[in-house]
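K.L.:
Protein chains in written order, with our numbering: chain A, 1 to 72; chain B, 1 to 466.
These are computed hints drawn from the structure, not numbers from a lab. It should be emphasised that the depicted structure is a prediction, and the values quoted were computed from it without experimental measurement. A few of these clues could be false.
Quick list of the computed label-pair ranges, beta carbon to beta carbon [claimed, not checked]:
hint, chain 1, residue 1, chain 2, residue 2, range
1, A, Ala61, B, Asp354, 16 to 24 angstroms
2, A, Glu63, B, Leu115, 48 to 56 angstroms
3, A, Ala61, B, Ala86, 26 to 34 angstroms
4, B, Pro75, A, Glu63, 20 to 28 angstroms
5, B, Thr342, A, Ala61, 16 to 24 angstroms
Here are the simulated DMTMM-like pairs of lysine to aspartate or glutamate, each with C-alpha atoms no more than 20 angstroms apart in a straight line [said to hold, decoys possible]:
hint, chain 1, residue 1, chain 2, residue 2
6, B, Lys51, B, Glu311
7, B, Lys51, A, Asp16
8, B, Lys241, A, Asp17
9, B, Lys154, A, Asp60
10, B, Lys240, A, Asp60
11, B, Lys154, A, Glu23
12, B, Lys240, A, Glu25
13, B, Lys240, A, Asp16
14, B, Lys240, A, Asp17
15, B, Lys241, A, Glu23
Glycine included, C-beta positions come from ideal geometry on N, C-alpha and C.
One-letter residues, chain by chain:
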Amino acid sequence: MSESLSARCGGCRHFDDDARTLESEIAGLVVMGSAYASVRAGDGLCRLHRRYLSSTSRCDAFEARSQQTATA
Amino acid sequence: MSTIPATTTRPDAPPSFWRELFAKEDWWAVWIGLGLVIVAVFAFVGGSSLKWIAVAPQKWSTLAELGTQLATNAPRYLALFVLWLALFGLGVRALGISLRQFVPAFAAVFAGSLLVYSIGVWEQSTRYNLEPPLVALLLGLLIANTVGVPAWLKSGLRVEFYVKTGIVLLGAGLPFTLILWAGPVAIVQAAIVSLATFGTIYFVAVRLGLDRRLAATLGAGGAVCGVSGAIAVAGAVGAKKEDAPIAITLVILWAIVMIFVLPLVSKALGLPTGVAGAWIGTSEFADAAGFAAAQTYGGFAGQPGIAGTAEASVQAFTLMKVIGRDVWIGVWALVLSILATTRWERTGVDSRVDGGEIWRRFPKFVIGFFIASAIITLVARGYSYDQFKKVVTPDLVGPLQGLRTWAFTFCFLSIGLATRLRDLAAAGAKPFYAFTSGVVVNLILGFVLSTIVFAEFWRCLGQPTP
């Protein structure tokens, strides 16, 4: 496994798991569902792959989200 | 060279257990529902009751009569509004939703719900089938799809928050012994139908050439728990961004159709309330829609040819939908995630999950439902059946059922107001055919199991000693 695969989507800058954003972008979600529900866990949208993913997913294109990063 | 965040909390780490207790709507439904149950128990033990605040419109025949009734009880309605606003306001604030937007929006939802509730208890409402859930839904749909819903109102349309709170309160009216008695049958019946429905949708979708991840998302929406099932499985398998909205559109459309079809067909067939509730629990697609259908059918109880109590319909629905289907979403997500990463075409993303997925996606409000049931069962332990009906029901269970009806009415009205058909994603013909094939299997199999195979069992619900 490459080094970048050790980091998960939840910490990637391409990953958007903000509940308000999800409710506005996923048509119909608020009608009989909710982005604040437990069943969503930490899922979010990957802007790079255009996929709806679990926050524990991984890929080679990971880029750390936080500005406060340190070189490992 | 890779980079790691320098902060103490890794942003990619799952949220801590303690943080999740206040960061998810499910837990807030538990806190609100159980908080009300505990206060009701203390009041009951102390010789008091929540009856005063659990006010509801009573039967009326003229508008003047209704006006007098509402004016007389105005302080109670005001107190009820403040109570709900405080509880839901606390929850939405913790979830990060603007309280400034929520307050006026919820005030409108409360006023609309009072109107719907009042129409439902009009003397002539039975004659015109004006059951409150149907009135709420139709009124909401009419407004949303004609004049439209103003932006300020949208933050008050928290369909899932209201229905989950209602489900926790519903636990207070369902003896724990009944859950233990009926739960296994509900699980068996729901498992048969869920597997058959998922298999049908998935098989037809793949045969029509649809992507397996879309097929699984459609299947979970039809077989497990509607929009929640679709969104959970879409995330677990790493579906395309547009897959979940397609499944959601189909779930919503069919769920709304079934809100009307299931109670009316059940009524035409003269099904007992428990049997109809089980069928609705097996064949409806979303909790909120299912409660609307089950409560509507409960409203038919006592009419010529309809045996059983009003509560039996909602109880059977809950056992089937919540215990039989909803609680298994984590297992579905885990299994499908493993299949997606090991057997399906690669996407460039590794979506593998572990066994913790079952707990992470578990609908936590169900825990509140079980605890509420256990609390009331314990409190009522020393009472005979007759004493229970004379003392516990009016002073403890009744007011909680009244509050539950309000939570469900907020939910039903919100469904209609939030459903703007032109805003839903275009589903396309192939997903429609695949999903609809599952609807047909689900309806027929659910009907056979509820009305023939387990009919006697569901008919017994609501009887004095199960």
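K.L.:
Decide, hint by hint, whether the structure agrees.
P.N.:
Structure-based check of all given hints:
no.: 1; hint: A/Ala61 to B/Asp354: 16 to 24 angstroms; verdict: holds (23 angstroms)
no.: 2; hint: A/Glu63 to B/Leu115: 48 to 56 angstroms; verdict: holds (52 angstroms)
no.: 3; hint: A/Ala61 to B/Ala86: 26 to 34 angstroms; verdict: violated (46 angstroms)
no.: 4; hint: B/Pro75 to A/Glu63: 20 to 28 angstroms; verdict: violated (58 angstroms)
no.: 5; hint: B/Thr342 to A/Ala61: 16 to 24 angstroms; verdict: holds (22 angstroms)
no.: 6; hint: B/Lys51 to B/Glu311; verdict: holds (19 angstroms)
no.: 7; hint: B/Lys51 to A/Asp16; verdict: violated (45 angstroms)
no.: 8; hint: B/Lys241 to A/Asp17; verdict: holds (13 angstroms)
no.: 9; hint: B/Lys154 to A/Asp60; verdict: violated (39 angstroms)
no.: 10; hint: B/Lys240 to A/Asp60; verdict: holds (18 angstroms)
no.: 11; hint: B/Lys154 to A/Glu23; verdict: holds (11 angstroms)
no.: 12; hint: B/Lys240 to A/Glu25; verdict: holds (13 angstroms)
no.: 13; hint: B/Lys240 to A/Asp16; verdict: holds (14 angstroms)
no.: 14; hint: B/Lys240 to A/Asp17; verdict: holds (15 angstroms)
no.: 15; hint: B/Lys241 to A/Glu23; verdict: holds (13 angstroms)
Checked against the numbered hints above, the structure breaks hints 3, 4, 7 and 9 and satisfies the rest.
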